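Please work from the sequences and hints to get the whole structure.
For the record, the sequence lines run as chains D and F. 1 is the number of the first residue of the first sequence in our numbering; add one for each residue after it. 1 is the number of the first residue of the second sequence in our numbering; add one for each residue after it.
If you're looking for bench data, these hints aren't it; they were derived computationally from the structure. Check each hint, because a few of them may be wrong.
To be verified - Here chain D is said to cover these stretches of chain F; the calculated rule only asks that three of the stretch's residues, wherever they fall, bring their Cβ under 8 angstroms from a Cβ of chain D:
no.	segment
1	81-89
2	92-106
3	131-142
4	235-245
Stated by the list, open to error - Sample of chain D residues at the chain F side, in silico, Cβ under 7 angstroms:
no.	residue
5	55
6	98
7	102
8	106
9	112
10	282
11	284
12	285
13	298
14	302
Here the structure is a predicted model, which is why all the values come from computation and not from measurement. Glycine is no exception: its CB is placed at the ideal position from the N, C-alpha and C atoms.
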Amino acid sequence: MRIASRGLPLLVAALAIAYPFLVPNYYLVYAGALTVMYAAMATSWNLLGGFTGYVSLGHSAFFGLGAYGTGLLVVRAGVPWVVALLASALLVTVFAVVVGIAAVRVRGASFVIVSIALVSMMNLVVQGWRSLTGGSTGLQVPSPFPGLHRGQTHMVFFYLFLALLAIALASWWYVSRSRFGAGLRAIREDEDKAESLGVPTAAYKVTAFALSALFVALAGGLYAVWFGSLDPIFVFSILIGSYMVLMSLLGGVRHLFGPLLGALIVAPAGEYFLIALGETQIHLTATGLVLVLVVLFMPDGILARFTRRRAGPSIPDETAEQRLQGVTP
Amino acid sequence: MVSLLLQGLALGVLTGGLYALLASGLSLYFGVMRVVMVAHPAFLFLAAYLTYTVHTAFGLDPFLALPVTVPLFFALGVAVQRLLIARLAPENLAMMSVLLTFGIALTIEGLLGTFYTGSYKSVSMEYATRSLTIGGVHLPYDKIIAFWVAAITLVVLFAVLVKSRFGQSLRATIQHREAARLVGIQTERVAGYGFGVGLATAAVGGTVLALITPFFPASHWVWIGKLMAIIVVGGLGSVIGAALAAVLLGVVEGLVLVTVDATWATMMFYVFLFLALLVRPQGFFGGRLAHRF
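Structure, rendered in structure tokens:
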């Protein structure tokens, strides 16, 4: 069991690194890069959602802001793309702190409302501010690697997204073992009690919110220079935000590799549906139905079914009743 | 300038009436189940599309769709509550119900997009295209009709909630579920009917919406933002608060629409949402949750 739990991630990591050389064509490299991008975003989402239980449906706001921030810095200010990427991610993080201070004051359903409102607002701003952003016609971002052809660019970005995923996973792992992580978990179990025990709940929540926004913004920035054209309707869509939630829930929000597993299922399935069913809206229905089924029948995710909380750094999720059953004969 | 402001004010009041009707459904769901029903606007557009079909296929007046859509939506509401929402675990009902209804919304949006395509549809009636002019202020007939339909529906809704035995049980369930159960109210059944009534208001709202504005499947997201802002400003769960907030935000929207532009008019909803959360998270008109009607 121990060997399996140690060895399996290493094997998967090796396979992931070799992936672009194992697949027969560049389309699959592209699909792989997209999947890894979603995995990185879902893992980042889980830095907030998994630890604190706060469900944000609006993380695509940070994705879009990261993308537009990077794109605008490259196009309008002529900044090198790496600098633009880092600068815009930093700006988005500051923005997330400001929004977070307002957003995390409210709990439960109201927080979800705020998160949905955030995406709609950003969409309105970017479409309305035509002189800066190009409005609904979108923004064209020049390729960072003009020497490479399209397929090679996909390959480069596959590894960039893989690096981002690794950083996000490492952050989650580090937080899960830290005092900060313990505080966040206490917030999830009982926020009032955590507060009364001296956990600085507001500061912790804002930090988790901003950290999670930072990685999503980095993914957005990479997406901007990778794709080269930004469409406000797609970039600020609720759908991207809901993918992050669906992937995390499906895999298991309380496990390090839960969102990654969810992304490995949802993202390729989404791409497949897009090819098989064309540009109809039926993929929305598929996503919606899967979400309904997961919420109803598998709210703890796939990993919760297979691991009995032994393998991997996962968070125990016993209820008081279960604990009571454990001690009473 | 004065007539422009008057125009904005009048339009705002008329639209605010419709907003009040649409937000009342959300207040009901939140009241009976503590559920934020993100799918309400999706059902609204489902009703709008059904109205569109009735109108284009049979050439009937859009309001003649109501005898079909209202009972249908009532049944759908009962089904959604009994088959889906009642199954959720109570510990994290708020979050899970939002995700569940979000999934329902995506499902409906996808189906509408598949059956009706993603392009704009509209239902326009000869009688609704003209407008009434009073003292330099133009009031389109379709907006007036929408206002009156909303007003009548709201009055009926209030009468049901205040006078009928079902309304009493529903209010008792909202105020104190356990106590209501103790005095013999079948709260599960009442909650189901509460959902049914909420969706029935969406059926009426959708028909009105089809008459006054063009619609496409993805436009329900805009309405989620607007309606959520209204119920947060009004105080989650308070039907009266939601109605007051609806008219207030309708007027603000109308005034900004005539003086600035449409983007800022929509933006005002979010500005008010954030203001309400920062200053008075319990809402400006509602008081504690759903304790009054």
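Each hint, compared with the structure:
1. Note: the segment 81-89 of chain F has 4 residues with beta-carbon separation from chain D under 8 angstroms; the three-residue rule is met and the coverage holds.
2. Coverage of a stretch by a chain is defined here by at least three residues with a beta carbon nearer than 8 angstroms to that chain's beta carbons; for the segment 92-106 of chain F and chain D the count is 13, and the condition holds.
3. A stretch counts as covered by a chain when three or more of its residues have a beta carbon under 8 angstroms from one of that chain; for the segment 131-142 of chain F and chain D the count is 0, and the coverage is violated.
4. With a threshold of 8 angstroms between beta carbons, the proposed coverage of the segment 235-245 of chain F by chain D is violated, since 1 of its residues qualify and at least three are required.
5. Annotation: residue 55 of chain D was flagged as interfacial toward chain F, and the flag holds, the nearest CB pair being 5 angstroms apart, inside 7 angstroms.
6. Of the supplied interface hints, the one on residue 98 of chain D is violated, with its beta-carbon coming no nearer than about 11 angstroms to a beta-carbon of chain F, more than 7 angstroms.
7. With its C-beta approaching chain F no nearer than about 5 angstroms, residue 102 of chain D sits inside the 7 angstroms limit, and its interface hint holds.
8. With a cut of 7 angstroms, the hint placing residue 106 of chain D at the interface with chain F holds, because the nearest CB-to-CB distance is about 5 angstroms.
9. Given hint, residue 112 of chain D at the interface with chain F, holds; its Cβ is 5 angstroms from that chain's nearest Cβ, closer than 7 angstroms.
10. Below 7 angstroms, beta-carbon pairs count as interface contacts, and residue 282 of chain D has one with chain F at about 5 angstroms; its hint therefore holds.
11. Hint on residue 284 of chain D holds. Least Cβ distance to chain F is approximately 3 angstroms, under the 7 angstroms limit.
12. The closest approach between the C-beta of residue 285 of chain D and any C-beta of chain F is roughly 3 angstroms, which is under the 7 angstroms cut-off, so the hint is satisfied.
13. At a threshold of 7 angstroms, the smallest CB-CB gap from residue 298 of chain D to chain F is about 12 angstroms, leaving the interface hint violated.
14. Violation of the interface hint for residue 302 of chain D is found here, the shortest Cβ-Cβ separation to chain F being roughly 16 angstroms, above the 7 angstroms cut-off.
When each numbered hint is compared with the structure, violations occur for hints 3, 4, 6, 13 and 14.
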